[in-house]
Amino acid sequence: MSLTLRYIDKKNNIYDHFVGFINCHDTFNKNQTAIPNNDLSDTLIDDHLSKKPKLTGNVLGNIVVSELKEMSLHLKNCIGIGTDGCSVMTSVSRGAVQEVQKSCPNAIYSPCTNHALNLSICKTSKVQIVRNTISFFHLSSKRNFILKNNLKSSKSSKTSLTSLCVTRCVERHTIIIDFETNMSEIIESLTHISQWTE
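Residue numbers for the sequence shown follow my numbering, beginning at 2 and rising by one.
The hints are simulated quantities; they were obtained by calculation from the structure and are not laboratory data.
A hint or two may mislead.
[Unchecked claim] Result set (DSS-like, lysine-lysine): computed pairs, CA atoms no more than 25 Å apart in a straight line:
1. Lys31 with Lys143
2. Lys12 with Lys77
3. Lys77 with Lys55
4. Lys159 with Lys149
5. Lys143 with Lys153
6. Lys12 with Lys55
[As the list claims (entries may be wrong)] Each pair of labels, with its calculated beta carbon distance range:
7. Lys55 with Gly83: 34 to 42 Å
8. Cys25 with Pro106: 18 to 26 Å
9. Leu76 with Thr160: 35 to 43 Å
Every value quoted in this text rests on a predicted model; they were computed, and no experiment measured them.
Just so you know, even glycine gets a beta-carbon here, dropped at the ideal spot from N, CA and C.
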């Protein structure tokens, strides 16, 4: 887990300080008091060699609090928690955010907007109409030819639509942007194709 602190000085200058990466398993084993005793039965699993914690929200939240205490920070001065929106972090009953808020009562959860943007782009790439449209052009050389001509005549930097890659998030992002940028040419091509009589 990575830990970054954002703070202001007495002149209201804002600073971001990367504290470091935390090995959650090592930190948990070093300081098992970070987890209340009643939660240990849920938290530990036997891997035949040693006991490792399941990385629940309670475990992660307690690790963050113990790291903040080790830095001698006043937890009442913590006014925000930024994280992604996964359930381990944001669960109302056992999330890391709620665990940190027990020790930092003034901390307000602030979702990471970059992560949310990335997730929305990933969701967009799963929209069936986008996939179907790209496939529609790729499955016919004649249809693909019409699209290429429309893209060339518009002086677009792209000469065809790229298929969505299942595993590469950055490529999906680029493909969705290209799709949106060339939307008028795609619509023009589909309109032209819809007038075919064959």
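Beta-carbon spacing of Lys55 to Gly83 - inside the hinted bounds 34 to 42 Å or not
violated (24 Å)
Do the alpha carbons of Lys12 and Lys77 lie within 25 Å of each other, as the hint requires?
holds (20 Å)
Taking 25 Å as the top limit, are the C-alpha atoms of Lys77 and Lys55 close enough?
violated (28 Å)
Compare the distance between the alpha carbons of Lys143 and Lys153 with 25 Å, and conclude whether the hinted pair is satisfied.
Status holds; Cα separation ~16 Å.
Is the straight-line distance between the alpha-carbon of Lys12 and that of Lys55 25 Å or less?
violated (42 Å)
Just to be sure I understand the hint, the distance between the Cβ atoms of Cys25 and Pro106 should be within 18 to 26 Å; is that true here?
With a Cβ separation near 24 Å, Cys25 and Pro106 satisfy 18 to 26 Å, so the hint holds.
Taking only the CA atoms, is the gap from Lys31 to Lys143 under or equal to 25 Å?
violated (65 Å)
Cβ-Cβ distance between Leu76 and Thr160: within 35 to 43 Å?
Roughly 57 Å apart at Cβ, these two residues miss the hinted range, so it is violated.
Decide if the proposed pair is consistent with the structure: Lys159 and Lys149, CA atoms, cutoff 25 Å inclusive.
holds (9 Å)
Consistency with the previously given hints fails for numbers 1, 3, 6, 7 and 9, ordered from lowest to highest.
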